[in-house]
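Peer 1: Residue strings, one per chain:
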Amino acid sequence: MSAPRGQQPATVTLAGDDLARDSATLEALWRDCPGFWGWLTAVDHKSIGKRYIITAFLMFLAGGIEAALMRAQLARPENTLLGPDQYNQIFTTHGTTMMFLFAVPMMTAMGIYFVPLMVGARSIAFPRLNAFGYWTYLVGVVFLYVCLFANTGPDAGWFAYTPLSGPAYSPGHRVDVWAQLVTFTEIAALAAAVNVIVTTFKMRAPGMSLNRIPLFVWAQLVVAFMIVFAMPAVATGSTLMLAADRAVNTHWFNAAEGGDALLWQHIFWFFGHPEVYIIFLPALGFVTPIVETFSRRKVVGYTALVLANITTAFFAFGLWVHHMFATPIPELGQSLFTAASMLIAIPTGVQIFCWIATMWSGRLRLATPLLFVLGFIFTFVNGGITGVMLASVAFDKQAHDTFFVVAHLHYVLVGGAVMPLFGAFYYWFPKITGRLLGETLGKWHFWLFLIGVNVAFFPMHVLGLNGMPRRVYTYLAATGWGPLNLVASLGATTIALSVLLFVINAVWSWMGGAPAGADPWGSSGLEWAAASPAPSYNFLHIPVVTSRHPLWDPIAERPVVTGLSTTRREVLITTTFDARPDSLHQHPDASIWPLYLALCMGVTFIGSIFTPYLVLVGLALSLIGIAGWGWTGTRASGPERVATPRPVTEGL
Amino acid sequence: MHSFFHPGSPHANAVAHLWWWMFGVGGAIWIGVTLVALYAAFTRRGSGDGLVEPPAAEHRRIERVVSAATFVTILILAGFLVYDFSVGRALAAHPQRGLTIDVTGHQWWWEVTYENPDPSRRLVTANEMHVPVGEPVQFTLRAADVIHSFWAPSLDGKRDLIPGYTSSFWFTADTAGVYRGQCAEFCGLEHAKMAFYIVADPRPRFEAWLKAASQSHQAPADPTLAYGERVFLASGCATCHSISGTQAFATVGPNLSHFASRSTIAAGTLTNTSVNLTRWILNPQVVKPGVGMPAVPLDSGPLTALVAYLESLK
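Residue numbers (the working numbering), protein chains in the order written: chain F, 1 to 652; chain X, 653 to 966.
In case anyone wonders, no lab produced these hints; they're calculated from the structure. Just so it is clear, CB atoms sit at the ideal spot from N, CA and C, and this is done for glycine as well. Hints may be right or wrong, so weigh each one.
What the hints assert, rightly or not - Partial chain F-side listing against chain X, Cβ under 7 Å, derived:
id	residue
1	Tyr161
2	Thr327
3	Pro330
4	Gly333
5	Trp360
6	Ile377
7	Val393
8	Lys397
9	Gln398
10	Pro535
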């Protein structure tokens, strides 16, 4: 290891072959099996990540179609395009899809794809668990949409308030579908979270101490911890308590038998509010590298941004009651949540200020990713300000459950998460596909999307204050809500058009876009050191990191690690704080068992809707899968030799 | 009146004031941040891949500006917090006297009860309530089935009606008028068609209404109306509805004792006219799909009598 800038060379002792590192050898070692079987058994985090991203994007389109149907229905008063039964299924599926099947999986998918590349690792920590997470998610996706087309789509809202969602007021299986769908996405999210945490803590390239972790990875790490604490709450609520109330006649939420209807809201929002930040923080993680790259400048306030991420995560768990200000909760208790809800604006503000300061003191290139960041600032700050308004108990009692909140949450989530996500697509698409997205179509996409979002959602603020509640399938002409609803629907049409342009651009560019090369933007992160698309082993040599912006260091200062095995899947484990080389770990091969086990989960959870006995069947089948998973380890190991890392001046 | 922008009570007025302040300050912040970002975007454009590294002094200056902006944010939020707490405190103060109205939420209508120490003068009605202007009125809220939310935006914020909980709040309507309200918590199929009206009248008119509405009906003298009453009692209507002074005293559906004095049918869904009432009786599942009311297939003779009878119940 070379020691630039007076850094002490760490003694790295590595076991493995010290043969010439031939990329073909590594490719043969790390790639998934070819063919359909290989597709089913894949564990490469990039294969899984790509599938996750595409599936989640298809869910974004599905949720968008549902939104378009709702906007068509509400475009004029007393419209009869959709009846109440259809409308309630569609708005429930829209919320459920966007939150559980698009936003969270999309954000974790970006982490699954990029975190190992950004920390300079060969692979993700638990590749089979990762594949299992994706398959479980896919089972959930298929389950929900088969049920929706079978007229058994959930219809009690994505929040499924008891007792409406309980056995007495939602007979049939619609709410069961919702409750078990949530279970699938919880498991998938937890699998991804554990992977991101361990990858970030134990598999960073040597030298990437905690204070050099890219902000994208910090955001993913913080969110992974949030998932670990938030998801079990909704798992307890939906999978155990609500499902038990519905399937085996417990009375957790039945006031008539001593249960408590309000308990559900506490459990749901204890998950539901952090959920917003689980979606939003990764998006902020996309913003920093885009701002840095297109400002040609290191971000202002790295430490402040990291601390803002962490404080946001803590505050996010102390806000849930602001969804419940209209319930009979004591006023003093509510005021604490008002203060917390206002407090969380501070770290968010700090981040916005840091990015603007970076741009202000940089040299900007207004490429499409940066345009989306500017659109994000414009749209999201609006949502943040209405969020501060809603923190006020007195005002929230007026605005709660009206279109004002619909406007607010879409400004926050579309402005705060989807805008940066589109920016991220333009920025990282070359890394995933090897080709650039078209800039001209990209700019059309951006402007139409920005206009569409504001035309669709801004009027909803006024509608809400004029008394229009949420989740209504129609309204009377006498309410006077017709004209603004029509404007909102026209905005939704514009959004649909812009997304269509993006889909055309993506398909077109993937097939024949301009080749990107390893680093088309002149970026600073390690992922740009790998080829585009990255080979199955990510890096020929594990890089050694000497700064926060490794690719912006002069080229002579890019040392690498050598000595990892070329005969077995070996990854370098480093220490949590300083990322000193610690040990080597042998990674598992491709396997069919993750898919098998995900299908067993499907039998268990979907079966539980019909009879508790199928749960036992599913669990018995799972035991076979767990045994198979554990039995099939890795390929035979090669001869072990001790090697020392050597410096390489260029190319990783 | 059904709008946050047209407050008809001191409560709604105080909240609107608070909001206009937040709107003004928040709007200024929104415009300011946007302008700064746009200024950066348009004046700092350039080409070339070389990195920009501002000198240390400038970097410190930039960091100071960021810190100052953060400090201003904290001050503004603290201001909002104090203002909000003061408004919340004012709204939470309970009056010493006043009328109490019990409201129970049903899928998808509002049961309204005016309690009276004299049980014979206890008044039960639905979807439309009268209050005296300038006097505090307390509402006691309960839910019969699922969660509903009681909200008349011109008068006050919303309150949830939750099974197993009783909650209460109050406001004073300081302008006479008819205020519209609507259920704000998703409560199932017909959540969209669960409106109510609050009629704020000067005290004498309110008293007159209360007196009239508390009286039992006498058997109608008019033969058509008497026939209509028989149709009502014989056609299944009385299994769910009640009319004071008759044998109908079921409490499943709205109390129809003074049905003709209400302005709408089916919780604000239709204007109360004979034509609409006929349509409602024959085809409620078309007007309000999923409603608890079944279609009552009557021939035109009894139907006309029934409608005439119901429209006579002032």
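Peer 1: All hints, please: hold or fail.
Peer 2: Okay, the hints, checked on the actual structure:
1. Tyr161: 6 Å, holds
2. Thr327: Holds, because the Cβ-Cβ distance from threonine 327(F) to chain X comes to roughly 5 Å (cut-off 7 Å).
3. Pro330: For proline 330(F), the interface hint is violated, since the closest Cβ of chain X sits about 10 Å away, which is over 7 Å.
4. Gly333: 12 Å, violated
5. Trp360: This hint holds: tryptophan 360(F) lies near chain X, its Cβ roughly 4 Å from the closest one there, short of 7 Å.
6. Ile377: 5 Å, holds
7. Val393: 5 Å, holds
8. Lys397: Holds, because the Cβ-Cβ distance from lysine 397(F) to chain X comes to roughly 2 Å (cut-off 7 Å).
9. Gln398: Constraint on glutamine 398(F) satisfied, holds at 5 Å.
10. Pro535: Interface hint status for proline 535(F): violated (25 Å vs cutoff 7 Å).
Violated hints, in rising order: 3, 4 and 10; the structure is consistent with all others.
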